[in-house]
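A.B. asks: Line by line, the protein sequences give chains A and B.
Each step along the first sequence adds one to the number in this note's numbering, with nothing skipped, and position 64 is 96.
Each step along the second sequence adds one to the number in this note's numbering, with nothing skipped, and position 1 is 33.
Treat the hints loosely; a few may be bogus.
Since the list gives no way to pick out one identical chain from another, each pair is judged satisfied if it fits inside one copy or across any two copies.
Once the Cα atoms are required to be at most 25 Å apart in a straight line, the calculated SDA-like pairs of lysine to any residue come out as [as the list claims (entries may be wrong)]:
1. 195 / 244
2. 195 / 70
3. 195 / 241
4. 122 / 60
5. 122 / 298
6. 195 / 280
7. 122 / 92
8. 195 / 58
9. 195 / 54
10. 195 / 242
11. 195 / 106
Everything labelled a hint here was simulated from the structure, so no lab data went into it.
Protein chains: 2
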Amino acid sequence: MTAIFEKVALLGVGLIGSSMAHAMRRAAVASHIAGYSRRAETLERARRLGFADSLHGDAASCVRDADLVVLATPVGSYATLAGQIAPSLKRGAILSDVGSVKSAVIRDVGPYVPEGVHFIPAHPIAGTEQSGPEAGFAELFDGRWCVLTPPPGTDAAALERLKSFWRALGSEVEVMDARHHDLVLAITSHLPHLIAYNIVGTADDLQTVTQGEVIKYSAGGFRDFTRIAASDPTMWRDVFLNNREAVLEVLGRFSEDLSALQRAIRWGDGDALFNLFTRTRAIRRSIVDAGQDTAAPNFGRGKQKDQ
Amino acid sequence: MTAIFEKVALLGVGLIGSSMAHAMRRAAVASHIAGYSRRAETLERARRLGFADSLHGDAASCVRDADLVVLATPVGSYATLAGQIAPSLKRGAILSDVGSVKSAVIRDVGPYVPEGVHFIPAHPIAGTEQSGPEAGFAELFDGRWCVLTPPPGTDAAALERLKSFWRALGSEVEVMDARHHDLVLAITSHLPHLIAYNIVGTADDLQTVTQGEVIKYSAGGFRDFTRIAASDPTMWRDVFLNNREAVLEVLGRFSEDLSALQRAIRWGDGDALFNLFTRTRAIRRSIVDAGQDTAAPNFGRGKQKDQ
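Same shape as in the complex, but just chain A (with noise of 0.2 Å):
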């Protein structure tokens, strides 16, 4: 492939920046990577790694000449780095992120952005429970969705050319509104992820079940639930603090739910507790069939004998 862009500034270099750059490399979308981290030991990490060509620890100076900028820290230290790159910014860049939330990106960075500069934010729809530069990989990508949500006015050619970047990391691209996507992803994201950090919580709490139990006992679910809730606090508080409205309102019926499932059991209505669990099967099966998860048990895990 020819590049896409010269070069690409890559603000952050966790789990997301690291695998978007070793994602680049295997496409050669780019003809020069920049990475930046506040912190020099992450730094450190990142050139002994090696998918960066250069490693700047002030985000000014990373930016420089950039065609692409992309936010990849978490979302509640955009303002402040929006603001220190702002004057550095090449006029005709794509700026972009990868942020969970799309509302409060364009509402914290869209005051700094230039003229003659493109704003685009994005998400990628990807991810596993682990941070830091050593957990990225070129696959992450793969087959999974990247969300655009390019405010009213962007130019068509800049939208073009960041779709067809995300295409050339192995994901399938969707254009959407930024509240929109804020709503879809407080369902099947942001949600999934506080009520599992909920009930970790919960059992941690409980005395009369020791968390030496709770360990031991996991296998019947709940250790499917510690994986998630062992996702970056810092990345996961900017979340809900940055989607309260949505979060609050699909929360709101999850709530609602709850209270008519355990009115259902104090009450002994095996039909309801079995025509919901029955409906749950079917999303399942579309689940896999789209291609979003592997039909295999267990994720794979039952048939090794050391787990």
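Got chain A sorted already, so can you dock chain B onto it with the hints?
C.D. replies: Just chain B now, kept in the frame of chain A:
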């Protein structure tokens, strides 16, 4: 290994029953494995799979002369089955089960147990989201815990024999009071399933987000819940109907904690969120350290191109 039992009768040949048969064959712990299902079609599938030495559409004939009889159907069917087999149980035999609740099993089955038969309820904490005779495999119990809940006064020799049996199938064995078992499992298994079923139902009912979108963007966390919510509906209906008290207790605490979290989001209390998200990470590490889950990111799904 020399056989621990001459004849073992499995009442139910679904995921757990068929996995027990495979594991028994692997360890050669039984000279004869008899299987029962009330459905001719299930018997035919089991016959084709060949994991049993004899198959029966009649429970009484299945248990005749058996040294170990294991109830492996949904717990709601135990009382009826126990009534059917009671007159045919051999003196000195062990009657056990694999149900996910234990107090209700003692309540339902206990009254039918004839003089001279050793009734020792058991619960292997292992499974996948798949069901039916085809879903079974010999390694299901390897490294997992099997909890035995012998009523007071249980014959020590019979208990030892059942322990050896489960160890031969690959399990580690723990002895526990039935009530405590039900509380431990309420938090480590029943509540996780309940909230997974619930969130999948909530997502299905949303009108502002389409089902297609929920499926398409499920990789952000939601898909993991759908796997759990794909478990057998009959089995899980019976679990909730038969562990009501303990489930309502942990559900009450979960809801209380969720309200506190909701309040933290509404009021933008980032420290409260960050502290919980950090605490839950430590529990994940303990589970991996205890060998109850793999440390591979995303259960190893991420690195496969073809998922």
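A.B. asks: Does each hint hold? Answer for all of them.
C.D. replies: Comparing the hints with the structure gives:
no., hint, result
1, 195 / 244, "between (48 Å within a copy, 21 Å between copies)"
2, 195 / 70, "neither (29 Å within a copy, 56 Å between copies)"
3, 195 / 241, "between (51 Å within a copy, 23 Å between copies)"
4, 122 / 60, "within (22 Å within a copy, 72 Å between copies)"
5, 122 / 298, "neither (63 Å within a copy, 39 Å between copies)"
6, 195 / 280, "neither (31 Å within a copy, 49 Å between copies)"
7, 122 / 92, "within (11 Å within a copy, 82 Å between copies)"
8, 195 / 58, "within (17 Å within a copy, 53 Å between copies)"
9, 195 / 54, "within (18 Å within a copy, 50 Å between copies)"
10, 195 / 242, "between (50 Å within a copy, 23 Å between copies)"
11, 195 / 106, "within (23 Å within a copy, 50 Å between copies)"
Checked against the numbered hints listed earlier, the structure breaks hints 2, 5, 6; every other hint is satisfied.
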